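*Asks:* Please take these sequences and the hints and turn them into a complete structure.
There are 2 protein chains.
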Amino acid sequence: MSSDPRFAGINFTPTPASVPPQGARLSRKPLVNVPVNYHPLNPLSFILRAALIYPNKVALVHPNVPSPVVYTFSVWAQRIQNLAYALIKAGIRPGDRVAVIAPNSPLIADAHQGVLAARAVTVPINTRLKHHEVAYILEHSGASLILVDHEYQHLAKDAKVPVVVSNDTGRSGDPYEEFLAQGRAFSQERGWPGLDTDPDENAAAMLCYTSGTTGRPKGVITTLRGSYLGAVANAFEGQINKDSTYLWILPMFHAAGWTYPWANTFAFSTQIGIVNDPQAQKLKRPVVAIIAGAAPTPHLIGELEKTGIKPVHVYGLTSLSFEDFITLIARNPQTYGPFTRCYDQEPWKDLSLEDRARFMARQGHAFATAEEVRVVAVEEGSDVLVDVPADGKTLGEIVTRGNIVMKEYFNDPEATKKAFRGGCFNTGDLAVMYPDGSISVMDRSKDIIISGGENASSLAIEQELASHPHVLEVSVIARNHVKWGERPMAFVILHPQHVSRWKGRHHEFAADLKAHAKGRLPGFACPEWVEVVPELPKTSTGKILKTELRKVVAKL
Amino acid sequence: MSSDPRFAGINFTPTPASVPPQGARLSRKPLVNVPVNYHPLNPLSFILRAALIYPNKVALVHPNVPSPVVYTFSVWAQRIQNLAYALIKAGIRPGDRVAVIAPNSPLIADAHQGVLAARAVTVPINTRLKHHEVAYILEHSGASLILVDHEYQHLAKDAKVPVVVSNDTGRSGDPYEEFLAQGRAFSQERGWPGLDTDPDENAAAMLCYTSGTTGRPKGVITTLRGSYLGAVANAFEGQINKDSTYLWILPMFHAAGWTYPWANTFAFSTQIGIVNDPQAQKLKRPVVAIIAGAAPTPHLIGELEKTGIKPVHVYGLTSLSFEDFITLIARNPQTYGPFTRCYDQEPWKDLSLEDRARFMARQGHAFATAEEVRVVAVEEGSDVLVDVPADGKTLGEIVTRGNIVMKEYFNDPEATKKAFRGGCFNTGDLAVMYPDGSISVMDRSKDIIISGGENASSLAIEQELASHPHVLEVSVIARNHVKWGERPMAFVILHPQHVSRWKGRHHEFAADLKAHAKGRLPGFACPEWVEVVPELPKTSTGKILKTELRKVVAKL
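In order, the protein sequences belong to chains A and B. Sequential numbering of the first sequence, starting at 1, is according to this note's numbering. Sequential numbering of the second sequence, starting at 1, is according to this note's numbering.
Keep in mind that the hints were calculated from the coordinates and are not lab data. Fair warning: this is a prediction, and the values are worked out from it, not measured in the lab. Check before you lean on any hint, since a few could be wrong.
Each pair may be met inside one copy or between any two copies, as identical chains are not told apart.
As the list claims (entries may be wrong) - Straight line, CA to CA, 30 Å or less: simulated DSS-like cross-link-like pairs of lysine-lysine:
1. 555 to 538
2. 130 to 160
3. 518 to 393
4. 29 to 418
5. 89 to 157
6. 393 to 514
7. 29 to 417
*Replies:* Set out below in structure tokens:
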């Protein structure tokens, strides 16, 4: 079906159920009694448009697995329709929740579209969670059905609802393929026009759970409208178009893949669902990498640029850069992924790499379809949000509001009320605002170290310590101190090239790093203790678990 | 203020009133009692965002006039705010209409933003209309105030409402500048937060009048939501970004400039408001031209490509192409400009220019944020729309619906009802749909020639006649015929290079053209009469006035 020579070597034929009938109509049942000048925003419309306009263009590729597959937009749309009918046949009704437990693969890519087509709500579950954590989410979400990849079947063990397993083959005989075929048969070729359109653009789209680093994970309900507008903004800001190939590194279960599943169908781009190939070679074309995590150091930016990769950084759990290095804030999943972006300024191009990186590491301004972002004073017990001075110094909490803020925490009005205090979404992230209205994240509120009465940002300390050439990774937390109340303690992983140099002389390295810090940080922010460690405890998404480090420190 | 070296030669300082106060806040008064996860879509938000993020970037340039001006986003946003306050001071209330009569210039660029900021509705008036036509629009729209460029003051003569004249200087002493300064003084530095935000995204944004080729012009009301979504789609489809310079050729009064006034602020691009410079030289960078009008011929495409200009064509009153030649349908102003686009397909690149042009001249599929486009059977007196077969042959009427359809015809429920027959906007354009779901416009319904019981499209005939190398322009209409009922009659302007060749031998040219047609058109569609003319009657927007040709023919 596809004529893309890049994937011609993949030996694959879609199942008969995946092939659409001739002349199939690509729109759902029209709504009645809606104004002529209104259609509810729904990101599902993008795949239907793509299948209409570019039926034979490659939409989804899953290579480098035992059973690789290639789907065109036309075939993929049919599979999505089959999934919708299969879910309806299985008893799924509008508003019901359908859980999906899968790595990046066609199963979860289908779910992000097909569950919407059944007017149900997808609950994407982190595959790195433990069985009891998954069980909690299944229970809390009230999921009526589970779609699970064969490698993660153990996570759905003892589930009290139907489980559909995918062996990730895309071939007949695979139980997931049988499920889709049932959907196709059930539809009796009613096709897309047999499926209802959501009349309410503010209906729930997804139910994504927070990582729950503090307490139980909370379920974030997003809307169709928010998903549509988030996706359009990501396509525009990421300059994705029909000639783009989008390489998935971000797990699609993570904050619903940041609306990229729909940004890609909006832009008609080809999605590839695999990374970490040991045979990966340097690419011949420019590559934009969307990177997530802590603010990258100038050193890292330099190294990435050498490889020809243009990084995009997003603060929060993640990061992003396009033509150049770009920093975003992605508060996942409450803001559908990114809600700020660093917009590069003309004069920066003449700066040194180090100075440029300092500006580029700012989190910037509100995203294309977001409402304004503010930094406000956090007063306990008050509901009034007061903007801090835009002086680049005064710390406050980042708040935002508007179309790309979640609808609510599922079944948790108390948590929703707290999160929406003062009529804004309270991110829990601390930042400063510069005179130009851009912001820099300083820390999560709980990561501030109160040293001698001063607020020291562990993030700011980490950034300075990371500029020491022998530091690979560093994490700083508060440790109690008799005189100062708290003082910073740094946990450091040495750069592999320098491990042997400091072997048996970690106290000397500690002195060296403290001296390095002294020239760059105020006294109260200099680490009192430095510990060299072989690794740092991390969450399933690679975020350093400071809670674990705090447990270590509590015992010291 | 600006550091753009391209405009450094323009000797201009903004008026004191145009300079924003230090640290001015760039958001309007927050709405109360709206959900945290909702903000009403409003294209005014883009200029505020641009002024926040790129305050010193050049937003608007008006060169090559006696008093050239250059405004940065920061200064422009202040002028827009001043205009809003000046209007409010003058008694303008939410929903009131403000007329603007101006060529592309800062006055009308300001109005497209500043009138929205006062929550009023802009009525952009075609400067090429006659006094009595303008008087009709002023009366019908109930405009409470008129902003007029000094060159068009005569069109506002005898107006019964206040008139503000711009001498297009941007300098102190200009009455428009005095008006803005009054607004600044009136605001007493309440600034943007002193202006109300529209709570309803479906509120009226603009009131644009149809050209009224049949009967009185109708007033089209568009919405804030539609304008926002149309602008985002145009920015995305046009690949406009902050490095773009947008050269205005389309008059901004025309269908509110197709939402490009806001597409450009969304994308942070620089707008230049002037063309037709006799000293224009070939540009060194790739240029994309968005062209409007009848379908361009392969010859024209070839000529444009030779000059390095990539044309984009839009059917309707207008046309458009980006990376390559792209055809759109812009039904102005009822669909905010473009609502379809030809999406180029991979296999076309291997075709000959002529074959490629045939595909590229199709009007394609629905635009990025539009709902589906259909071609339906037109039955007199019925409200049921039946899709014609997608066979590339059966003629039907193009209908569409959704967010980028106008809200209504102002004060004309009867015309609105007729236009929205069957729950869709009835464009009055006839087209065929191909098996791939793309459409080609064949004609306006009234331009079909019924020849011997067959429907002949005058547009299709014109396209074939235009392929004769000596034809510069051609227009075909029906002329009564004793035997066949109607037969096509062609009015031709010869190409300047070939005028002398056929001088005194127009009947021979007619025979030559008829022979040319014979090989390309069915007998009933071949012109029975050919008349060579020095010029064709046209509307103010360059559209051939077939009504005038019909008057000529009626006398034959």
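*Asks:* Evaluate each hint against the coordinates.
*Replies:* Do the hints match the structure? See the list:
1. 555 to 538: within (20 Å within a copy, 88 Å between copies)
2. 130 to 160: within (17 Å within a copy, 76 Å between copies)
3. 518 to 393: within (20 Å within a copy, 79 Å between copies)
4. 29 to 418: Intra 39 Å, inter 24 Å, cutoff 30 Å: inter-copy only.
5. 89 to 157: Within one copy only: 23 Å inside a chain, 70 Å across chains, cut-off 30 Å.
6. 393 to 514: within (24 Å within a copy, 80 Å between copies)
7. 29 to 417: Close across copies (23 Å), not inside one copy (37 Å); limit 30 Å.
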